[in-house]
Each structure stands twice: as C-alpha cells, then as structure tokens.
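A.B. asks: First to last, the protein sequences are chains U and P. Quick note: the first sequence, position 71, residue 97 per the working numbering, numbers continuous. Quick note: the second sequence, position 176, residue 206 per the working numbering, numbers continuous.
Read the hints as simulated data drawn from the structure, not as lab findings. It cannot be assumed that every hint is accurate.
[Stated by the list, open to error] Cross-link-like lysine-lysine pairs, in silico, DSSO-like; alpha carbons within 30 Å at most:
1. LYS199/P to LYS38/U
2. LYS183/P to LYS38/U
3. LYS118/P to LYS141/P
4. LYS118/P to LYS389/U
5. LYS118/P to LYS395/U
6. LYS209/P to LYS118/P
7. LYS209/P to LYS138/P
8. LYS365/U to LYS328/U
9. LYS112/P to LYS389/U
10. LYS209/P to LYS183/P
11. LYS389/U to LYS138/P
12. LYS395/U to LYS138/P
13. LYS183/P to LYS142/P
14. LYS112/P to LYS138/P
15. LYS395/U to LYS365/U
16. LYS112/P to LYS365/U
17. LYS395/U to LYS112/P
18. LYS138/P to LYS328/U
19. LYS138/P to LYS118/P
20. LYS81/U to LYS183/P
21. LYS328/U to LYS118/P
[Stated by the list, open to error] Non-contacting residues of chain P with respect to chain U, defined by C-beta distances greater than 12 Å in every case (computed):
22. ASP128
23. GLY144
24. GLY156
25. GLN177
26. ASN202
27. LYS209
28. ASN210
Just so we're clear, the structure is a prediction, and the values are computed from it rather than from any experiment. Where is the CB? At the ideal position from N, CA and C, for every residue including glycine.
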Amino acid sequence: MSAKPVSSPKPKVLMQGNVAAAEGAYRAGCRFFAGYPITPSSEIMVRTGELLKEKGGTFVQMEDEIASIGAVIGASWTGVKAMTATSGPGFSLMQECLGYAYFTETPLVLIDVQRAGPATGQATHVGQGDVMQVRYGSHGDVFPIALCPWSVQEMYDLTIAAFNLSERYRVPTFVVADEAVGHLRENVVLHDDFEIFNRNRSGAGDPFGHDAPDGVPPMPAYGDGAALLVTGSTHDSRGYRKVDDPKVHEALVTRLMRKTMDHVEEIGDVDEYMLDDAEVAFFAYGISARSALAAVNRLRAKGVRAGLLRPRVLWPFPAPQLQALGARVRSLFVPELNKGMIAGVCREYVTVPVHAINQCNGKALSPDKLVAFVEEHP
Amino acid sequence: MSMHEIRICGLGGQGVIMAGMIVGKAAAIFEDRYATLVQSFGPEARGSECSAQVMVADEPIAFPYLRHTDLFVALSQGAYEKFIHEMKEGATLVYESDLVTVDERLPKGAKKFGIPGTRIAEEQLGRRIAFNMVVVGFIAAVSSVVQVEAIIKAVADSVPPGTEAFNMKAFNMGFEYGKNLLS
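Only chain U is shown next, with the shape it has when bound in the complex (with noise of 0.2 Å):
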C-alpha cells in the first residue's frame, strides 16, 4: 500500500488525533466535505472546514447524515475527493447511500471515530462496536477497504492512505477509528511527501466495466464529455440499466467482490512486533493495540513470550498472515472493546485457541488487565 513517509521529517507538533485526519486529508487532496456534527467526531468537521475554507474547497454542513453522504458521492462524481466524517449511529444512517456508492463504484473516504454503542450509547466514551458494521453495514455483497489508526501520526498516514485507496480501487474505504485515537494528542510529525493516487479519468474505456475480471475501470467526471449514466441498478460496462439480465448482475458483483479480494496483499497492511520468537500472540487494532504493547512488553520483563500482530487494514482481512501466525504461537489474544467480533472472525482462520478479552464500559482495556488474562490462560 502506498502512502509511506520517505524522507525529511518536519518539525513535530503535538496534536489531536482528529485534527491530524483532518491535515491528511487535505493533502491527499481532499476538496470536498459534508457532514453532520456528532461526537467523538466532530473536530474532523471543524478543522476540515478551516482548512478548505482557508485554502479553497468546498464544505457544507448538511441537515442530517443521510444529505452527508449523499453530498459526498454527489461531489465525488463532479471529479473532486470528497470525505465526511461521523459516528457510529450517523454512520448507521449512511449505510443505505453507502450500498449506492459500492455499486456505482464511488470513490469517498468516511472516517468513523467509533464510541460506546449500541445507539447513542455514552457519546463521549470509546468503543470498538463498529467493526462489523463498516464490513457488513451495507445490504448486498459489498467488498470495502476499512484502515484502523492507533496514533495520531496513523490519523494522519491512514487519512492518506484511505484517498489513495479509494481511488485506485474505486471504492468507498473507511478510516475506522475510535474516541481514544481521536481525542488523543501526541507527537506527530506531518509528512508532505506522500505519493498521491488520483483516479484514472480519461474517457478511454467505458466507466462501469472492464476486460479483466478485478479490473478497475476509468471513471470520468460530470463535465467532462462523457455521456454519463450513474445507477444504483444493475448496469452494463456503459452504464445502462440491465435488471433482467442475470450475466450482468453476476459478472457485475463478482468484479466489485475481485477488484476488492484480489488484491489482498496489495491493500493489506500489518505491523508485527516481537513475533519472531513468539509462543503467545495479541491480535489487535487501534486503541487496544496500545494496550496490548503495553502488555506485551510488561510479559516480556517476566519471561513470557509474547508478541503483537496488529492490522492497520482491518478490512480485507489479513487472512494470510493471521493464518501463518496461527501455525507458530500456541495461543491467541483478542482484545477488543466490543463482545468478540474480530475474535470471531479470527477463529475462521487459525486452529490455535482464540481467547477474546471483552469490556464494554467507555473505558480503553488496560495493560495490566492483558496480562493478567495471558498469565490465567497460559
């Protein structure tokens, strides 16, 4: 996956989560917000707007999630990266226009800064509930691409990351993050020297079909000559509705399924650490895999080998390397502040024992709490 830093830090500043989102954001190139203020997401909205305000862009407080999104894809189809920002329950809302935008292959970038759910749950306290409904929120066979920042600086690489994504793969992609990430202010350091993705607009090729079968096709914008039909039906490589047609449909879903899963290794991103000797492994992401490298290290100092694998994509699962992993430890930790629904999905994978650890009380899983668990389950 592109979007690495190379070269020539720059002076550090310490900064909200949210607001480093924002920054990356807008060097990917993003032009183009609407949103619906909700907490713990909110200071993605307020610094997106200054910055577009300050340097040219559009930004437009809508009267709900539903217009948000909408807003977005709208916006994203006139050429300009478009973004909108939320939480779990406006993340809800926007599921339907989200089912639109995976079959219209749009590209858009939504950061979900998850809280303590379900409903409107505590607001202002972290959770990780949203983990399933960013892969299955949509109805429908749909593929997204979902990253999951654990630090400011990975608000701000992973924001990147998201736009060049979704562009490349014209698909809707997810920066799944959560209240403690968002809110949290440490050191970053606001690279500028990213490669940055832009899709392939040319006219050459029709805009909703390809000769390969994950292939992704060019996608022209409104104005610019091309006879333009955007449907949320089922439709030929052109663009025209074929409902009746069970070839069209098939080839259709199976393209957006292959240009998504195909690509697995190419998307995929993962960050190991003390795996090589490793005989007990954390599986885990965004605020939990702090507290699970916090724990790793305090098992270490008592002898225990322990190691992290940590998915910064989420979605397409790292299957192969949670599946090599597997084949090395002896046991596996997921920690998660949901009830178990990436252990879960873990033990499709690994034949090794999955130990969820669960808590769902707006507070991040401590430390000690790990590795308590690790030492009762030895």
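Assemble the complex: chain U is given as a structure, and chain P must be docked to it using the hints.
C.D. replies: Leaving out everything else, chain P in the frame of chain U:
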C-alpha cells in the same frame, strides 16, 4: 525509562484541557520528549467533570492512560474524591485551596501545594478565565515534571494571539505564589 504520569481534573469551563495541553506541549515540543494527552469529559459543554491525563516520557508512550499519578492537580472537590486514590507514594498534589479540602487519604510522603487560583484570577486579574494560567504557573513553580522555560514557551504557543501578555501575567502570579510557598 523515566515516565511522569499527570492528572489534571476539575469542572468543564475551568480550562482543564488547555492546562494539560500546555504541560504536554512543553514536554513534547520544547523539551523534545514524548507526551500524550487524553481528555475525558461528559456530554455537557460546561460544568461536568473534565479530566486531562498527561504522560511525559523520553521514549514513545505505548498506552496513554495513566495508572498512578506522580502529579495530581485537583481543581474541584469532586475531582479530588474521584482520583486521590491514584496517587503514588511521595507524589505531588496541587489543589485549588478554596475549592478542595485535603484529608488523610493523601498518600504517605506526598507533597501538597494549595493555591486559591480562582480568587487570584478574579481579584488580581479581574477575569476568572485566567484561572488555568494561574494554575499552570503554580505547577511550574512547585513541580519539576517539566522545565519552567519549556512551559513558558508552551503558554505563548497555546493562547490566542494578542492575549500572550495577559496570560503570562496570570502565569507569573501563579508562579510567584508557588515560589513564595516553597521559600
């Protein structure tokens, strides 16, 4: 590695997060160390409990939530009640002496420094909003977590343009109050 764990807690509107940000910025930017700042707050904009956790270290910080405080800044009685148990032995308590009553729960060997910061801000500066800068100045005087010069730079870097002189005046009042307590 050397790690300092700091909690600043009070009521929404007292400038708790800004105070935490100045301490964090002083360490992260002006001392070139690592800092994390976590804020927690209720759904209300003002009046609910508001807490900042600041970690300062020479290495990157894995987990940004503290276990035991080296420095606890209690700006309301509710804050004191909720977090006094977190203090390490020999840690430092800074408190708003008009608002907080310190009792026997203060751990062994702990140092305590009280300042009537709200009164100072109101009576000597005419503006209660300066309260948090008075407290930051006081922290700089009585605690050695971050160097005074770094905190002063962080204050100047954090307050709205045009208010630097006023805020530094508030800072100095808290700082002098602390120095007088120590001498």
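A.B. asks: Hint by hint, which ones does this structure get wrong, listed from lowest number up?
C.D. replies: Of the numbered hints given earlier, the structure breaks none, since each of them holds.
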